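Here the structure of chain F is known, so what remains is to put chain E in place on it, guided by the hints.
Protein chains: 2
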Amino acid sequence: MQSTERALEGLLSTYHELNNAFVPRVPGPPTPLDFLQHVRRNQPVVFTGVMEGWGALEQWNDRYLREKMEGCNIDVAITPLGNADSIVSVDGVEHFVKPYTSSESFSSFMDYLRSRHMDASSTPPSTIKYAQSQDGNLSKEFTVLASDLPSSLAFADSALSHTPDAVNVWIGNSDSTSALHKDNYENLYCQVLGKKNFILLSPLEGICVREKTFPVASYDDQGKVVVEEGQSVNCWPSVDPDVGDSGKWWGKARPISVELHRGEVLYLPALWYHKVFQEEGDEGICCAVNYWYDMDFEGPFYSMVQFVRDCAKDCESLEGGNEQEKHIPR
Amino acid sequence: MQSTERALEGLLSTYHELNNAFVPRVPGPPTPLDFLQHVRRNQPVVFTGVMEGWGALEQWNDRYLREKMEGCNIDVAITPLGNADSIVSVDGVEHFVKPYTSSESFSSFMDYLRSRHMDASSTPPSTIKYAQSQDGNLSKEFTVLASDLPSSLAFADSALSHTPDAVNVWIGNSDSTSALHKDNYENLYCQVLGKKNFILLSPLEGICVREKTFPVASYDDQGKVVVEEGQSVNCWPSVDPDVGDSGKWWGKARPISVELHRGEVLYLPALWYHKVFQEEGDEGICCAVNYWYDMDFEGPFYSMVQFVRDCAKDCESLEGGNEQEKHIPR
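Residue numbers (this note's numbering), protein chains in the order written: chain F, 3 to 332; chain E, 3 to 332.
No lab work stands behind these hints: they were computed from the structure.
Possibly wrong hints are sitting among the right ones.
The list makes no distinction among identical chains, and a pair is therefore deemed to hold if it is satisfied within one copy or across any two copies.
Distance condition first, Cα-Cα at most 35 Å in a straight line; then the derived DSBU-like pairs of lysine-lysine [said to hold, decoys possible]:
(1) LYS70 <-> LYS315
(2) LYS184 <-> LYS254
(3) LYS226 <-> LYS197
(4) LYS142 <-> LYS315
(5) LYS250 <-> LYS70
(6) LYS315 <-> LYS250
(7) LYS254 <-> LYS315
(8) LYS250 <-> LYS142
(9) LYS184 <-> LYS315
(10) LYS254 <-> LYS70
(11) LYS254 <-> LYS142
Here the structure is a predicted model, which is why all the values come from computation and not from measurement.
Okay, chain F solo, but in the shape it has when bound (with noise of 0.2 Å):
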């Protein structure tokens, strides 16, 4: 086992050895070719330029948005701490825990932003609402919105052959954050209002964010935890990049954090790990849209991560007692 520790060891070095600990920003749009450069070396990069001329861009603010879904409903994650899919202690027992789910009025979700952001020095309210439902919302409850952007990006759908899987429209501000998490996607991240800031790190540093299986709960309307008997979540990953851990792997863990400002385009490759918090603009609100494609599975990358994961769960097993202790206290 120790061979392997040393083994990971020496990824992780040389493969930072290799590769830049900071986000490039590029003017963009990039060509095809170009972009198909950052997705082969699975590389995250800024590009700018790439929304001129998008309505979105040009037009969204909180009277435009509350004008066009006048009469809408959407749905919204309501949390107790703006933490939606975040890792939970429940009777001392961590817990992946989902966020309620509500449906109401696109305008009423306006009024809730606008009234934090009035009073924002005030402690966060009991009830954080974030609208963030990742299932190609664009073509569901915000297709009014559809025409103030492309349904894809052009450069993106010519290097990776398709169209995207799916486009989503976020809406929230500064109380909502988004834990430490991976997904099987290439991801171009689009902000339209306000900030967000991005702690990434690589998907080979599985290892340093302690991967786990974590039992699954939800909150509830009033911000109870319910457990769901029975369900589990693989590989989820238990460090908050902002706290740390004491473990020898964190320590050879390399965050790296990126702005991503109005008007800007994040490329985040597929599995790459990312903590997101944002910081509402001018009207209280943070809006992004983000475009889903299909990760490729084919080539090495896929089967390799998937193996540097197997060889990590041997080395973290060697440290559970401890780790056992010191997360799930009871």
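The following block gives chain E in isolation, referenced to the frame of chain F:
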């Protein structure tokens, strides 16, 4: 260690499940974007049509080559078995043996190929010659032929963002074989005369081909092996894919065969293991030109292949005892 073994087994089966067991033939030349799709998947492919209009394809034959190369000397690799850069047992110990290299006139080398072709049914001569100086010889000893083919391949220059590191001419006959090996290059292999047969194994199958460290030797001008004291070569495959190996890992390999015909171009991705046979054409000549482009060390690919190799070393060392006995009888 058993868990690393299981992880390696999982890696091979996942990779084989997600990737073709054959090399597709695709009409070319590809666009840079199409070519980069193959590169990013590290998947071999044969392109037809790339060499249309090349003087090399239209004009090269015994007579033309002799005329152009009149008065020129070339480096020729000379071995007793047609086995440049291969593993040979010396006093019961396997060595990595390099060919003897001699400079001779191009016309006398062509006389050698012709006379062998006239008498092809006989047993091979005790001295087998192969013009295979892999040092960018098109711009050196074969410079008078350089105008018969492009100095680089436009689609690859554009996809890989640079021109080739070396362009090599290969001239030999059916007596010569290149033993299984890999290169740190993206390789575009262009068949001009005769035919080549490749046996390919992916970079993840290092454990299947039992890479080892070997002491180095060279043939002298008499075909005798001279050990080069203190020299060794690392990570050289020890399994001959035509013979195989009784070990567990060879059983999990998935060698892929591909025939490369006159006018076809094989894209042989970086780090793929390849063994190469050749079949001479009508005039006794097998001739090819290859373009070596530097591989990309950024992104996760190179780091992860190194990691797989590191993990494989441990599993191999478990089997080491038997292996020693089998390969190095004393």
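We went through each hint and held it up to the structure:
Taking the shortest alpha-carbon separations for LYS70 and LYS315, neither the intra-copy value of 49 Å nor the inter-copy value of 62 Å comes in at or below 35 Å. When the C-alpha separation of LYS184 and LYS254 is checked against a cutoff of 35 Å, the pair qualifies both within a copy, at 19 Å, and between copies, at 31 Å. Proximity of LYS226 to LYS197 under the C-alpha cut-off of 35 Å is restricted to the intra-copy arrangement: shortest distance 30 Å within a copy versus 72 Å between copies. Within a single copy, LYS142 and LYS315 get their C-alpha atoms no closer than 39 Å, and across copies no closer than 52 Å, so neither meets the 35 Å cut-off.
Proximity of LYS250 and LYS70 under a CA criterion of 35 Å is satisfied in neither setting, with 52 Å inside one chain copy and 65 Å between copies. Both within a single protomer and between protomers do LYS315 and LYS250 lie at most 35 Å apart by alpha-carbon distance, with minima of 14 Å and 24 Å respectively. When the C-alpha separation of LYS254 and LYS315 is checked against a cutoff of 35 Å, the pair qualifies both within a copy, at 16 Å, and between copies, at 23 Å. With identical chains, the CA atoms of LYS250 and LYS142 are never at most 35 Å apart, being 45 Å at best within one copy and 53 Å at best between copies.
For the homomeric pair LYS184 and LYS315, the shortest alpha-carbon distances inside one copy (17 Å) and between copies (31 Å) are both at most 35 Å. Proximity of LYS254 and LYS70 under a CA criterion of 35 Å is satisfied in neither setting, with 48 Å inside one chain copy and 59 Å between copies. Proximity of LYS254 to LYS142 under the C-alpha cut-off of 35 Å is found in neither arrangement, the shortest distances being 43 Å within a copy and 47 Å between copies.
Of the numbered hints stated above, those contradicted by the structure are hints 1, 4, 5, 8, 10, 11, listed in ascending order.
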